[in-house]
Amino acid sequence: MTEKEVQQQSGLIEDETTNAQTDEAQASVESMQPQEEIFGAAEVVDAVLEEVPADPEQVPLGEDTSAVAEEIGGSVGDIMKSVQGMAYADTTVAGSLDFLVRRKTPGDITYLYVVDEDKTLLGVVALRDLLMARPGQTLGEIMRQKPESFTPQTSIRDAIGVVLNTRHRLYPVTDEADRLVGMVYGWQLFERVASELSVTAGSTVGLDKEERISTPALQALRMRHPWLQVNLLTAFAAALVVGLFEDTITQVIVLAAFLPVLAGQSGNTGCQALAITLRGITLGELNDDYPLRQLYGKECLLGFMNGIGVGLVAAVAMFAYASMTGSAEPLVLAFVVLLAMTGACVSSGFFGVVVPLTLRRFGADPAMASSIFLTTMTDIVGMGLMLFLATILVL
Numbered sequence: 001m002t003e004k005e006v007q008q009q010s011g012l013i014e015d016e017t018t019n020a021q022t023d024e025a026q027a028s029v030e031s032m033q034p035q036e037e038i039f040g041a042a043e044v045v046d047a048v049l050e051e052v053p054a055d056p057e058q059v060p061l062g063e064d065t066s067a068v069a070e071e072i073g074g075s076v077g078d079i080m081k082s083v084q085g086m087a088y089a090d091t092t093v094a095g096s097l098d099f100l101v102r103r104k105t106p107g108d109i110t111y112l113y114v115v116d117e118d119k120t121l122l123g124v125v126a127l128r129d130l131l132m133a134r135p136g137q138t139l140g141e142i143m144r145q146k147p148e149s150f151t152p153q154t155s156i157r158d159a160i161g162v163v164l165n166t167r168h169r170l171y172p173v174t175d176e177a178d179r180l181v182g183m184v185y186g187w188q189l190f191e192r193v194a195s196e197l198s199v200t201a202g203s204t205v206g207l208d209k210e211e212r213i214s215t216p217a218l219q220a221l222r223m224r225h226p227w228l229q230v231n232l233l234t235a236f237a238a239a240l241v242v243g244l245f246e247d248t249i250t251q252v253i254v255l256a257a258f259l260p261v262l263a264g265q266s267g268n269t270g271c272q273a274l275a276i277t278l279r280g281i282t283l284g285e286l287n288d289d290y291p292l293r294q295l296y297g298k299e300c301l302l303g304f305m306n307g308i309g310v311g312l313v314a315a316v317a318m319f320a321y322a323s324m325t326g327s328a329e330p331l332v333l334a335f336v337v338l339l340a341m342t343g344a345c346v347s348s349g350f351f352g353v354v355v356p357l358t359l360r361r362f363g364a365d366p367a368m369a370s371s372i373f374l375t376t377m378t379d380i381v382g383m384g385l386m387l388f389l390a391t392i393l394v395l
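Take the sequence shown: its letters are residues 1 to 395, numbered as in the numbering used here.
Wrong hints could be hidden among the right ones.
[Stated by the list, open to error] Quick list of simulated restraints, FRET-style, between CB atoms:
(1) 251 - 283: 16 to 22 Å
(2) 176 - 260: 57 to 63 Å
(3) 363 - 129: 43 to 49 Å
(4) 301 - 279: 17 to 23 Å
(5) 128 - 289: 33 to 39 Å
(6) 361 - 301: 21 to 27 Å
Rather than coming from a laboratory, the hints here were simulated on the basis of the structure.
The beta-carbon is built from N, C-alpha and C at its ideal position, and this holds for glycine as well.
Required output: the full structure, derived from the provided sequences and hints.
Shown next as structure tokens:
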């Protein structure tokens with residue numbers, strides 16, 4: 001195979017014009033040590049995997065990558081790219097620098113991946129380590145062994161967990177036999193998660209994942225309206241609970257003024273817990289090993305402390321309002337509001353965790369319209385608790 005043919009096959013060596021432009025840089029590299037130790041054109045290609053495609057977007061899996069990507073959707077294989085910069089362990093530092101000089105765009109190489117003849121990943125060499133090494137050293141001597149890597153089937157969530165702990169710019173992708181098949185940037189993983197989180201925000205209120213600002217009104221109506229009907233049905237359940245205490249509301253009119261206040265505060269508390277839980281699910285933090293009791297305890301404790309805080313303010317407001325309107329037992333009513341607000345916030349924190357986890361357990365999307373069911377639970381518990389306490393303490 002001629003030098004030109006090898007260069008064209010590798011996809012990593014530039015054309016003759018570029019080589020001519022780098023003659024001076026090449027000469028300086030070659031002066032570092034004898035000619036036979038230098039990474040010549042044929043040796044450059046020997047150090048690079050022959051199957052690496054010229055198209056940087058093509059994933060070198062040795063088969064139709066679209067089918068693989070479809071099969072493993074939501075995984076590293078979805079977004080990985082072909083590897084730029086691979087060499088054998090016995091490649092010299094000077095030869096590696098020569099290879100980098102020959103490239104038109106050396107900036108797209110962050111690491112040199114060291115492989116054997118079977119394409120098995122042996123280690124990785126960062127450019128700064130390459131520049132600091134002696135020209136005669138080999139990559140095998142300076143490489144970092146057993147670098148963090150993914151497989152094409154690694155889920156985005158699992159990969160994000162590794163990135164958060166290691167914080168490298170680039171990660172190799174290997175198959176089951178540790179053969180190097182691609183690479184993935186850390187920012188690609190974060191971009192995918194950011195996109196998923198943006199979808200989650202809309203899904204919690206019943207927006208379809210496919211809806212965009214340019215979606216036609218009628219199509220958006222078909223996507224949104226069914227969830228509003230579901231919300232209406234769940235609102236009837238809350239209204240039924242309030243109807244059970246009609247006599248209490250009739251006798252203590254001031255309670256009606258504070259029902260929306262209670263519903264709003266408890267709903268917001270639940271949405272905070274819901275957001276944290278959905279974020280944990282999205283980032284893969286809420287796996288089978290995570291102690292859910294700890295999360296339940298945390299959210300209930302936060303609900304209790306927040307409930308006490310807002311409950312005291314609401315109790316003062318109830319006392320003042322009941323006194324001004326001449327209602328009976330203003331102090332007891334204030335105590336009822338304090339207890340109800342605290343209990344509602346505690347239960348909201350609990351349901352904020354239970355609702356998405358329950359949906360996930362039954363195979364449903366935990367983000368899809370979860371706030372609708374959460375609001376129903378918080379309204380039933382919150383308003384039901386306040387009216388029940390007023391019934392037994394005031395009447």
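Each hint, compared with the structure:
| no. | hint | verdict |
| --- | --- | --- |
| 1 | 251 - 283: 16 to 22 Å | violated, 50 Å |
| 2 | 176 - 260: 57 to 63 Å | holds, 58 Å |
| 3 | 363 - 129: 43 to 49 Å | holds, 47 Å |
| 4 | 301 - 279: 17 to 23 Å | holds, 19 Å |
| 5 | 128 - 289: 33 to 39 Å | holds, 36 Å |
| 6 | 361 - 301: 21 to 27 Å | holds, 24 Å |
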